[in-house]
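Given the coordinates of chain A, assemble chain B onto it according to the supplied hints.
Protein chains: 2
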Amino acid sequence: MDHLSKRAMDVLAGVDAVAGYTTYIELIRPLIEGKIIITTPMTKEVERVETAIETALNGKTCAVVSSGDPGVYAMAGLVFEMCNRKNIYVVSPGNSHEMKTDSRNLRIEVVPGIPALCSGAALLGAPLTHDFAAISLSDLLTNWEQIEQRLKAAAKADFVIVLYNPKSKKRNWQLKKAQEIILNYRDPQTPVGIVARAMREGQNVQIVPLKDLHKEDVDMQTTVFIGSSASVTYLNYMVTPRGYSNKYFLNKS
Amino acid sequence: MDHLSKRAMDVLAGVDAVAGYTTYIELIRPLIEGKIIITTPMTKEVERVETAIETALNGKTCAVVSSGDPGVYAMAGLVFEMCNRKNIYVVSPGNSHEMKTDSRNLRIEVVPGIPALCSGAALLGAPLTHDFAAISLSDLLTNWEQIEQRLKAAAKADFVIVLYNPKSKKRNWQLKKAQEIILNYRDPQTPVGIVARAMREGQNVQIVPLKDLHKEDVDMQTTVFIGSSASVTYLNYMVTPRGYSNKYFLNKS
Chain A
1 MDHLSKRAMD
11 VLAGVDAVAG
21 YTTYIELIRP
31 LIEGKIIITT
41 PMTKEVERVE
51 TAIETALNGK
61 TCAVVSSGDP
71 GVYAMAGLVF
81 EMCNRKNIYV
91 VSPGNSHEMK
101 TDSRNLRIEV
111 VPGIPALCSG
121 AALLGAPLTH
131 DFAAISLSDL
141 LTNWEQIEQR
151 LKAAAKADFV
161 IVLYNPKSKK
171 RNWQLKKAQE
181 IILNYRDPQT
191 PVGIVARAMR
201 EGQNVQIVPL
211 KDLHKEDVDM
221 QTTVFIGSSA
231 SVTYLNYMVT
241 PRGYSNKYFL
251 NKS
Chain B
1 MDHLSKRAMD
11 VLAGVDAVAG
21 YTTYIELIRP
31 LIEGKIIITT
41 PMTKEVERVE
51 TAIETALNGK
61 TCAVVSSGDP
71 GVYAMAGLVF
81 EMCNRKNIYV
91 VSPGNSHEMK
101 TDSRNLRIEV
111 VPGIPALCSG
121 AALLGAPLTH
131 DFAAISLSDL
141 LTNWEQIEQR
151 LKAAAKADFV
161 IVLYNPKSKK
171 RNWQLKKAQE
181 IILNYRDPQT
191 PVGIVARAMR
201 EGQNVQIVPL
211 KDLHKEDVDM
221 QTTVFIGSSA
231 SVTYLNYMVT
241 PRGYSNKYFL
251 NKS
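Going down the list, the protein sequences come from chains A and B.
Heads up: the first sequence at position 132 corresponds to 132 in the working numbering, and the numbers run straight through without jumps.
Heads up: the second sequence at position 111 corresponds to 111 in the working numbering, and the numbers run straight through without jumps.
The following block holds chain A by itself, in its conformation from the complex (with noise of 0.2 Å):
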C-alpha cells in the first residue's frame, strides 16, 4: 500500500465496487472495506472484467485493480478490449459531454502505477538506465515462436531484457529455453536479477550470473532481469550505466 498513488487510493476511496484477482484484492483490504468486491480466479479474468463493466453500466462506479502497473500485462487492455467488442462508447472521465444518447456509454479511467519492472529494478539497484525490452514467457495467449523470435531479437540487439510470467507450474520449460537463446549472444557472466514478490510479504532479491539462471527458484510472481552487455554489478546491486561511451567509468566487480 505505500506504493499506490495518492490518485490510486483516491480513486479506491469512492468507488462503490473493486473488481480483482482474490490476491490483490487482499493486498488492499483495509482501503476498501464495506464496498461491493468482484473477485475470480486468475485464469477467470474475462469474467471478472464483464462483471464490472455491468456492474458499471448500472450505475455503480467500479475499480479494476491489478498489481502494478494495469497497463503492463495487466487488466487495462481487456477492459479496452471487452468495451470494443459489446460496442460501449468509451469517454474520458473530464468528457462527459460527448457521451451519446443512442449507445451504452462508460467512463474509463486508467490510473497509471508502479510496474514490477519498476519495483523490482528499484530493489536490484538500477538495471534500466538504458534501452530495455519486455517480454512475457507466458505462451497461452501468443504462441512459442513469435516469444522466441522476440527473445533473440533483444538479445541480439543488446537490451536489458524484463521476463514477465517466467514460469508457473504447468510452465516450466519456457525459462531455460530463454536462457539457452540468450546465451548465444550473450557472456555466461551477464548479471542476472531475480526479484519475487517486490515490496510485499515474502520479497526476495537475488542476482546470478546467466549461466546459472535455470537453478534459480522462480514462480508466476517473479521478475527476471536479464543485463545486457554494459550491465555490471557493484557490491550488491545490479546496474546498467547510461550510456555506452559510460561502460568503463564502471569498475566492474
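In short, the hints are calculated from the structure, not lab data.
Among these hints, one or two may not hold up.
No copy labels: a pair is met if it fits in one copy or bridges any two.
List of simulated lysine to aspartate or glutamate pairs, EDC-like, C-alpha gap at most 20 Å [unchecked claim]:
| id | residue 1 | residue 2 |
| --- | --- | --- |
| 1 | K169 | D102 |
| 2 | K100 | E201 |
| 3 | K211 | D16 |
| 4 | K156 | E145 |
| 5 | K6 | E54 |
| 6 | K86 | E33 |
| 7 | K44 | E109 |
| 8 | K44 | E201 |
| 9 | K100 | D16 |
| 10 | K211 | E201 |
| 11 | K170 | D219 |
| 12 | K6 | E26 |
| 13 | K100 | E145 |
| 14 | K60 | D212 |
| 15 | K100 | E216 |
Just chain B now, kept in the frame of chain A:
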C-alpha cells in the same frame, strides 16, 4: 503530485536535502519547503549527483528526484555509477549493521515511481498490454548505429516500441529516421500514440498513423508509443490486445 506514491511522499517529508533538475523541483515545491535544495541545469546531472552524495556523506539525508521512475533512463543509475567510481560502500536501508569501518558508507533506497511509459500508456488507453521495447533516441551517450540496430530489431520482432527522448532543439532528425526504419517493417497505418507532459500542466495526447509521425509536434517532454502489428485504435484509444490469438477479437475502428 497526485501520482507520487506514499513512500515517495514519506521520504521527501523526512529528508534534509533534495537534489533535482529545476523543473522537477518546482513540481514538488509544496512538499519540500524549508529543505536544502540542490538544483543544476539539465546537462549538469553529474555535478548534481556528486553534490547529493557529498551532502549525504556529510550526514544529511538527501533525496535525488527524477520525473517518472528514477530507474528508467533516470538518476538512480548515475548514483550507483558514482558510488562505484568513488569506492563508496553502499548498503540498503535495512542493513546498517553491514556498514564498513574502513570505508565511506552510504545507505541508498531507490523509491520506485510511475514511469512515463505507464503514465503515457494510461492516457492512451492500453498500448502496453503485450511485449514492448523502450528505446532512447538520444545519441549523446550512445552511438546512433547502436540505436538504429535496436530500432530495427524491435520493429522486426513486432514489439510495441516506446521512444524516450524523441527530439530536442539540437537533435531534430532522429525521430524521422526512426519512423523510416520502423516503416520498413510495419504498416503505415499502425497507430502511434504521442503523449507530452503526462499528468502535468500542458498535457497533450494524440494518436496518429505511423506514416504521419514526422509531421507531429514532439519535444523532450514527449513519449512516443509505436503500435505493434496487433495494436488497434478504438474511438480515441490505442489498445494492444493481450495475445496474438486475440487480435481478431477486436473490431478495428
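Taking the hints in turn, this is what the structure says about them:
For a Cα distance limit of 20 Å, the shortest separation of K169 from D102 qualifies neither inside one copy, at 47 Å, nor across copies, at 47 Å. In this assembly of identical chains, K100 and E201 lie within 20 Å of each other by CA distance neither inside one copy nor across copies; the values are 46 Å within and 29 Å between. Taking the closest pair of Cα atoms, K211 and D16 never come within 20 Å of each other, the shortest separation being 50 Å inside a single copy and 43 Å across copies. For the homomeric pair K156 and E145, the shortest alpha-carbon distances inside one copy (16 Å) and between copies (14 Å) are both at most 20 Å.
Taking the shortest Cα distances, K6 and E54 never come within 20 Å of each other, neither inside one copy (27 Å) nor across copies (32 Å). Taking the shortest Cα distances, K86 and E33 never come within 20 Å of each other, neither inside one copy (31 Å) nor across copies (50 Å). For the homomeric pair K44 and E109, neither the shortest alpha-carbon distance inside one copy (23 Å) nor that between copies (37 Å) is at most 20 Å. Taking the shortest Cα distances, K44 and E201 never come within 20 Å of each other, neither inside one copy (25 Å) nor across copies (39 Å).
Taking CA atoms no more than 20 Å apart as the test, K100 paired with D16 passes in neither setting, with 24 Å inside one copy and 53 Å between copies. Taking the closest pair of Cα atoms, K211 and E201 never come within 20 Å of each other, the shortest separation being 28 Å inside a single copy and 47 Å across copies. In the homo-oligomer, the alpha carbons of K170 and D219 lie at most 20 Å apart inside one protomer (11 Å), although the nearest pairing across protomers, at 46 Å, exceeds that limit. Proximity of K6 and E26 under a CA criterion of 20 Å is satisfied in both settings, with 19 Å inside one chain copy and 19 Å between copies.
For the identical chains of this complex, K100 and E145 are neighbours neither inside a copy (43 Å) nor across copies (49 Å), given an alpha-carbon limit of 20 Å. For a Cα distance limit of 20 Å, the shortest separation of K60 from D212 qualifies neither inside one copy, at 51 Å, nor across copies, at 40 Å. Taking the shortest Cα distances, K100 and E216 never come within 20 Å of each other, neither inside one copy (54 Å) nor across copies (30 Å).
Hint check: violations occur at hints 1, 2, 3, 5, 6, 7, 8, 9, 10, 13, 14, 15; the rest are consistent with the structure.
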